[in-house]
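One-letter residues, chain by chain:
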Amino acid sequence: MATMEDYKYLFKVVLVGNAGVGKTCLVRRFTQGMFPPGQGATIGVDFMIKTVEVEGEKIKLQIWDTAGQERFRSITQSYYRSAHALILVYDVSNQPTFDVCPEWLREIEEYASPKVLKVLVGNKIDRDDREIPTEVGEEFSNRHGMYFLETSAKGSENVERLFSDIAHELLQQSKNREIPSYDANSQQILQTGAGHTSSLNQRCCPRS
Amino acid sequence: MAPAGLSPSSEAGASPPARSRTISISGFDLQSLKSGSEIQAAFRVLNQEEDRVNAELSQLLARHSLIESQLRHLSTSVPQLQGVQHEAEKLSALISTTAQLAQGVSSKVKQLDLAKNRVSECQQRVNDLIDLKLCSDGVQSALQDEDYEQAAAHLHRFLAMDEALLKLTASEMQDEGGAMHDASRLDQALKTLHQAEKTVAEVVALKFDEAVQAEDLASIERFFKIFPLINLHDMGLEKFTVYLREKCDRQSERILAEFAQKRALKSKVSRVRDALYKSSSTGHQDKIEAKELDHVLSEMVLLQARSEMYYKFIRKRVTTDVEVSSDDETTKKTKLGAMEKLIVSSGLCHGIQLLLSDYILLEDYFMSQNIQKAMSSDAISPSDGLTSAMLDDVFFLVKKCVQRAVSSQNVDGVCAVVNNACGILEQDLCGLLQGQLRMGIPSGYMDQAYNVIQTSLQQGKLHANDTEKQRLAFLTALNNADCARDYVSRLSKSLNQDISNMVYNRSQHDKDKVDNCLTGFIASSDKLKSVLDMGIQQLRQTVVKPRIKPWIESFVCHDIDENLFSEYEANDPFIQTFILNLDGLLGSFKKSLTEQNYDELVAILTTEVTLQLEKVVLKSKFSRLGGLQFDREVRSLVSFLTSITTWSIRDKFTRLTLMGTVLNLETVGEMTDVWDSSWKLTQTEIKQVLGLRTDFKPEDIKRLRL
Ligand SMILES: Nc1nc2c(ncn2[C@@H]2O[C@H](COP(=O)(O)OP(=O)(O)OP(=O)(O)O)[C@@H](O)[C@H]2O)c(=O)[nH]1
Ligand SMILES: [Mg+2]
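Protein chains in written order, with the working numbering: chain B, 1 to 208; chain F, 209 to 914.
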């Protein structure tokens, strides 16, 4: 089981979106700094860890890269609930992958926490056969209260930024929730509580 | 080597320093001897030297006979040695003659060997030439008869010949003016055989494919065996393994389809989907019962486990083969990567993924429905009387389902079921407990009455009224939340064990994946903790805070003189009653709370007491004796609370104890002596407390600098 490691915060980031939009390539670019050649479709769920530093804090990102193919839906759905951030990816050169975004959002609404950080990502901007203009993606994300970013896993534009923005935002949210309005008593109760919690009680981002 | 006895340096009594002195004596400068005593001394020295030389001489003489006898012995051996030398010369001559002879023989043998090889090569060529004719004739007739084994056998013979050599023979035959037509016949035969080789390869590949189509196992084997005869080992293996893979895919597809049909899997899945998404709209007539699924779930898991076993077998075999056949790491990697691609793209893998998808859906439904059912019972656990029996059921079910997933041996399946289990604990269980705790606890004044009621309830004598029920429900929920955290921790430990056995032989990546899913239980435990905290806060707001308030308010004025001070000593005005009240309040909960919850209650009670006491102290006035009185009161309170808990409550009393210290000072000036930087009171607070003393001058206090 997980032990106390060298990080202060743990955030779960889950990538969803149609097959072939480049989720795995985005994650590989971010975690391994490369664009994988001959990348096969993801089976079930792939998993990567990367620790980033934001505002001097060590943040561990637990990245779950889900399979876009329909037959893995019941596996991937099980990851929504505990996600701190959900990245919905489409391919800017492939209209249908953008057109299904409302369906993905419905799924997110159904399974994920209402407080989850939602990010819309238009990938493959290096391609010259773009079908979805930036404004269209942006407008959609605004309408649904999502962050928006366009990326290229191939050329690595905005990939680093995507994940570091997410880490930043989650850190902010977590700090806001963690610092209570001044109440010495509840503080003390929490402290005595911590005195006899089980070994399970690892430092984890507070959720609900 | 000189005999040891003759070595001068090791001779006894003749050491080199003695000898060098002898030399110096021979050059003794007699003229320089001036006095009698000097002469005497020189004489003594010379005498000593003489003695020593004498001794040396007699020793050498004593060995004379020994050396002589040795010399005699040596001289007798000389004639013998001459004989030996003669013999040796004769032997040497003999050996060189033999060597010459052997060389002669061996060169002849070499020549013979060469000749023999030539002959056998020649025979081989003749044989080849004869066989070539036979083969080229035979292969044609065999092909006509569709006897592919025979044709392949001829070709096999042909392929074992050295074609270049045959061609050389042909050209030699021409050079030697041999028959022209012999050479062209040979060329013709070669052409025929090459043509036949191509034909047989094509035909066998075609026939193999046809046999596969017809699922004609005998023919498949028949043609498979022909490939190696015509040097197409790789093609044969390729074709045969493709056949096996496709057969496996086809069979597994049949098995899975039959399973799905026999178990009405489609209808089960769609009924579960309906139950999940439309439960409110379609009513319950067709609602699927969770227990209907138990059996089929076990079978689904078994199917998955079998396919995992098959992959494991393939992986192990291929890995071992790749290990021995290639030593270059990148080649190994490419080969193993190709194998993974084959597995992943197989129909079996695809079919199992579909099955897994259904399994996860059904398992989730089974788990959540059963847990819902368990949670609807509000029976008290017979084992401790404090928690609900449903907790055991809930955790039993979670464990059962996750263990079932583990037995599927499928990492993604385990992860998904663990995720769903955590979801159920966080949403359903925490939701239930949270709801019960939100109902709150009635703030009745029935410390004493409550115990009576509860015992009567347990003995079945009394029907609890709503207030009592409500109170019991709240405390049970609180205990359940506490106990559930223990259960989660134990559950995750035991599952951790099961899962680490399962992933024992898997990649690090798989292990990390499952491990990270298991951290979900930490989040569940944290959620339970926050529910528990919420309940404890309720307890504080509705029970502890309002009860303590009036008790604290009877804190008397502490601006007392000596008379009153001694009267208070005999007749306590506040703290004894206060402690009694606290004891009564805590006592009414002690039996109905788990140990940790009781400790938590004492903790919030202590916090509340110190807070309110601080407030009331700041509103009071103190004389010097009043300060002493207060100090005593704080001490008895601390010792009472310490006596009823297992942890140290002293920390919570830091501020009150310091206030007691301040109120107990003789003079304002003493403040600088007792103060240090660790104090938990600010300068302003200290001055405020000093100001409570009626006998301290405000200007002294104002002047105080810490
Ligand atoms: N030009 C371009 N191609 C990309 C980019 N990102 C991914 N691709 C290509 O898109 C294809 C699919 O990429 P993946 O990362 O496997 O897609 P995925 O979303 O993980 O697909 P699933 O695992 O099936 O859900 C691959 O052939 C990649 O090479 C990009 O930024 N630019
Ligand atoms: Mg992928």
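In short, the hints are calculated from the structure, not lab data. Computed from a predicted structure; not experimentally measured. Treat the hints with caution; some may be incorrect.
From the structure, some residues in chain B lie toward chain F, with a derived Cβ separation under 10 Å [said to hold, decoys possible]:
#1 Y7
#2 D46
#3 R71
#4 S78
#5 E109
C-beta atoms are modelled at their ideal positions from N, C-alpha and C, and glycine is treated no differently.
Results for each hint:
no.	hint	verdict
1	Y7	13 Å, violated
2	D46	8 Å, holds
3	R71	5 Å, holds
4	S78	4 Å, holds
5	E109	13 Å, violated
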